[in-house]
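Chemist: Chain by chain, the residues:
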Amino acid sequence: MNQMKPNTMLSINNLTVEVEGKTILHGLDLEIGKGEVHAIMGPNGSGKSTLSHTLSGRDGYQVTAGEALLDGEDLLSLETEERAHRGVFLAMQYPVELPGVNNMTFMRESLNAVRRARGEEELDAVSFIKLVRAKAAEVKLDPKLLKRDVNSGFSGGEKKRNEILQMALLEPRLAILDETDSGLDIDALRIVADGINALRSPDRSIILITHYQRLLDYIEPDFVHVLSEGRIVRSGDKQLALKLEEQGYGWITEEEEAA
Amino acid sequence: MITLDRQHSWFEQQLAAGRAQSLPQAPQWLQLAREDAIEAATQLPLHNRQHEAWRYTSIEGLLRASFTGDEQAHQQNQATIDDLLPPESDSHRVVLVNGQFNARLSTLADLPPGVRLESLRTALAADPDLLASWFGSIANHSESIFSALNTALINDGLFIHIDQDIELQQPIEVVYLNSGLNLSEDKQLMMHPRNLVVLQPGAKATLVERFVGAAPSRYFHNNLTEISLQQNAALKHYRIQDESRNAWHLSSISIEQQSHSDYRGVTLAFGGAWARTEYHLDFNNEHASCALHGLYLVGDKQLTDFHLTVKHRAADCRSREQFKGILYGGGRAVFDGHILVDKDAQRSDAQLSNHNLMLTRDAEVDTKPTLEIYADDVKCSHGTTIGQLDPQQLFYMRSRGIDETTARSMLCQGFAQEIIDQIDLQPLREQATERLVASLERVQPEIGR
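Note that the protein sequences, when read in sequence, are chains A and B.
Under the numbering used here, the first residue of the first sequence carries the number 1, and numbering increases by one thereafter.
Under the numbering used here, the first residue of the second sequence carries the number 1, and numbering increases by one thereafter.
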């Protein structure tokens with residue numbers, strides 16, 4: 001059992017999730033403190049994306065046992081948009097294209113929905129444009145892309161930068177980055193990582209879901225966890241990620257079986 | 001079930017009901033046209049499922065109703081008019097109240113030289129010979145019992161004639177204010193506006209038609225428009241059909257194009273219980289082009305029908321038709337798009353598409369794009385899709401804090417906006433967008449999950 005730490009932001013206990021009748025997460029435990037960066041690694045099919053989708057409330061992910069508490073509140077009973085209002089942000093592995101929906105309009109609608117939920121004033125068009133231009137410059141997103149339809153015809157790197165831009169605008173408390181490094185060349189990876197690093201703060205926790213140690217060269221995690229068959233089987237610091245890079249996942253599963 | 005007898009007797013009844021009001025002292029050629037139309041109507045086959053043009057569009061409800069053309073009923077009270085009239089715009093405005101020209105509401109001053117814009121009645125009195133040379137030359141005006149009825153009961157409408165090389169800067173805006181108020185259940189108003197639009201060689205103009213109806217009223221609006229675009233003429237033609245949700249609406253538009261002429265149409269359908277729009281477009285000479293973009297939003301107790309026939313009769317012409325529909329509740333739509341390429345119409349370039357977004361299980365669309373090609377060197381394509389909102393898109397938007405209703409509405413608007421964006425008059429484009437968004441926001445909660 002996890003010890004409840006005083007600065008806990010997210011507490012996941014015994015989380016068990018089925019997808020299409022098949023159990024993918026088998027009683028997962030994870031504790032994430034305020035301001036911490038946790039990397040979750042693991043082989044294909046270990047349940048990494050299931051975890052991120054369950055936390056953000058995607059349909060089709062059936063929670064059969066366990067809980068996930070954000071600041072002590074039951075996250076799993078909230079609608080997807082309510083989770084966003086509470087400060088959960090999921091940067092997707094495959095950001096969805098929204099043909100006909102203007103990127104700027106989309107982001108303004110999104111930010112104002114979150115601001116309304118927080119009891120803050122909505123931003124008018126002019127203030128929003130100023131804000132989004134400044135943030136876009138920070139993540140080196142071509143301002144022309146703001147005028148296009150959301151993600152439509154964007155390159156892989158542009159889509160990921162567009163995700164980080166939304167994260168920068170929404171200022172989430174808990175950001176989940178699902179394989180944000182996939183499909184990026186080294187330059188794009190650096191830009192995206194810089195964007196994420198710029199958002200590190202004592203009030204913001206980050207979960208990095210990744211296959212590869214490579215991303216962790218740019219974003220240094222406080223903790224590294226290995227997910228296997230739907231459970232966290234090993235936790236450590238960044239040294240663990242380096243060991244995985246050298247030796248693969250095999251040694252962990254062998255130790256598991258031996259134990 | 002309707003029968004041929006029933007169809008004939010309905011036609012006769014409406015003819016009798018409307019005849020007293022039809023235009024007095026018509027010139028002889030017009031009298032002949034009327035008689036021809038009446039004669040033709042008796043020869044028409046039954047407009048039922050066996051008739052391809054009426055296969056998916058039942059006229060049974062219309063044939064159960066009976067109508068009057070009573071002149072008294074054409075009088076509208078001022079409150080209704082103020083309520084219905086669209087905001088003033090920078091245009092030459094013509095208002096037809098229940099099918100009749102209303103001089104007081106129209107603004108026909110300041111027409112530049114070379115431009116005639118007047119009621120059909122005025123034009124018939126002033127220059128019958130000019131009308132005679134065009135009237136009925138573009139449309140087959142007894143193709144259906146409804147076009148025959150329009151011809152037989154000609155009463156009023158619009159005449160637009162633009163001289164050679166004149167470019168009309170301000171758009172012409174025609175507003176059809178319709179209402180059947182103050183009439184009993186079994187007698188509803190019918191109106192048959194008849195329009196003739198002639199652009200002489202090199203002439204250019206923008207024509208906006210708006211159909212508005214008093215909310216709960218039932219009536220039958222049956223207009224017929226003939227448009228001739230002479231060599232190098234260019235017309236932009238925008239139509240917004242926003243009739244009463246209880247009304248029957250039929251628009252039949254026939255367009256003939258001469259060489260190097262250009263027709264750009266945007267047609268939006270929101271209203272009506274039963275609303276059909278027919279476009280008959282003929283390329284009669286080489287290097288002409290047309291682009292027609294349509295959008296329909298169809299909900300419970302509504303049938304919206306678009307019938308397009310584009311005939312490439314000459315070489316090197318280009319046609320584009322793109323129609324999109326959003327259906328919800330028990331809404332029904334029909335799309336029948338036909339492109340014909342004659343044997344001699346080489347190097348024809350034609351594209352036809354129809355995409356439908358179904359928001360509910362009960363909505364239904366019958367879509368039938370067809371190509372009929374006799375030339376051997378052509379570039380033609382057609383495509384049609386029927387789909388639903390994508391759950392992945394909805395999830396993505398909700399994960400950004402946008403509630404489901406708003407997300408659905410934004411996706412629908414995203415689907416439809418590209419059609420509205422084809423309107424290049426900014427105020428009209430904005431009004432059309434507002435109209436769409438208002439409807440989408442109203443319907444989304446009804447649809448639920």
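Derived by calculation from the structure, the hints in this document are not laboratory data.
It should be emphasised that the depicted structure is a prediction, and the values quoted were computed from it without experimental measurement.
In this text, a Cβ means the ideal position worked out from N, Cα and C, and glycines have one as well.
A couple of the hints might just be wrong.
Calculated cross-link-like contacts (lysine to aspartate or glutamate; reagent style EDC-like; alpha-carbon spacing at most 20 Å) [to be verified]: (1) K135/A <-> D194/A; (2) K147/A <-> D421/B; (3) K243/A <-> D203/A; (4) K147/A <-> E418/B; (5) K311/B <-> D362/B; (6) K311/B <-> E364/B; (7) K343/B <-> D366/B; (8) K34/A <-> E171/A; (9) K236/B <-> D377/B; (10) K144/A <-> E418/B; (11) K379/B <-> D300/B; (12) K147/A <-> E430/B.
Label pairs and their in silico Cβ distance ranges [to be verified]: (13) R148/A <-> E441/B: 19 to 27 Å; (14) E82/A <-> D390/B: 28 to 36 Å; (15) L242/A <-> R361/B: 30 to 38 Å; (16) P202/A <-> Q392/B: 43 to 51 Å; (17) G33/A <-> D390/B: 34 to 42 Å; (18) E121/A <-> R49/B: 53 to 61 Å; (19) Q392/B <-> A198/A: 37 to 45 Å.
Just so you have them, the derived chain A footprint on chain B, three or more residues with Cβ under 8 Å [as the list claims (entries may be wrong)]: (20) 389-401; (21) 404-412; (22) 415-428.
Chemist: Evaluate each hint against the coordinates.
Modeler: Hints, one by one, checked against the model:
Restraint check for K135/A and D194/A: the C-alpha separation of about 13 Å stays at or below 20 Å, so the hint holds. Distance restraint check for K147/A and D421/B: the Cα-Cα separation of roughly 15 Å lies within the 20 Å cut-off, and the hinted pair is therefore satisfied. For the suggested pair K243/A and D203/A, the alpha carbons sit about 30 Å apart, so the restraint of at most 20 Å is broken. At roughly 15 Å between alpha-carbon atoms, K147/A and E418/B fall within 20 Å of each other, so this suggested pair holds.
At roughly 35 Å between alpha-carbon atoms, K311/B and D362/B are farther apart than 20 Å, so this suggested pair is violated. For the hint pairing K311/B with E364/B, the CA-to-CA distance comes to about 28 Å; that exceeds 20 Å, so the pair is violated. For the hint pairing K343/B with D366/B, the CA-to-CA distance comes to about 29 Å; that exceeds 20 Å, so the pair is violated. Restraint check for K34/A and E171/A: the C-alpha separation of about 14 Å stays at or below 20 Å, so the hint holds.
The straight-line distance between the Cα atoms of K236/B and D377/B is roughly 29 Å, outside the 20 Å bound, and the hint therefore fails. Pair hint K144/A plus E418/B holds up; C-alpha atoms about 19 Å apart against a cutoff of 20 Å. Only pairs whose Cα atoms come within 20 Å are accepted, and K379/B paired with D300/B is rejected, the gap being roughly 39 Å. About 18 Å separates the Cα atoms of K147/A and E430/B, which keeps this hinted pair within 20 Å; it holds.
For R148/A and E441/B, the Cβ-Cβ distance of about 25 Å falls inside the hinted range of 19 to 27 Å, so the restraint holds. Here the CB-CB span from E82/A to D390/B is close to 22 Å, at odds with the stated 28 to 36 Å. Between L242/A and R361/B the Cβ separation comes to about 54 Å, which falls outside the hinted range of 30 to 38 Å. Taking the beta carbon of each, P202/A and Q392/B are about 34 Å apart, not inside 43 to 51 Å as hinted.
For the pair G33/A and D390/B, the beta carbons lie near 37 Å from each other, so the given range of 34 to 42 Å is met. The supplied range of 53 to 61 Å is met by E121/A and R49/B, whose beta-carbon atoms lie about 59 Å from each other. Taking the beta carbon of each, Q392/B and A198/A are about 29 Å apart, not inside 37 to 45 Å as hinted. Counting residues of the segment 389-401 of chain B whose C-beta sits closer than 8 Å to any C-beta of chain A gives 11, which meets the bar of three, so the coverage hint holds.
Counting residues of the segment 404-412 of chain B whose beta-carbon sits less than 8 Å from any beta-carbon of chain A gives 4, enough to reach three: the coverage restraint holds. Counting residues of the segment 415-428 of chain B whose C-beta lies closer than 8 Å to any C-beta of chain A gives 4; at least three are required, and the coverage claim holds.
Hints 3, 5, 6, 7, 9, 11, 14, 15, 16, 19 from the earlier list are contradicted by this structure; the remaining hints agree with it.
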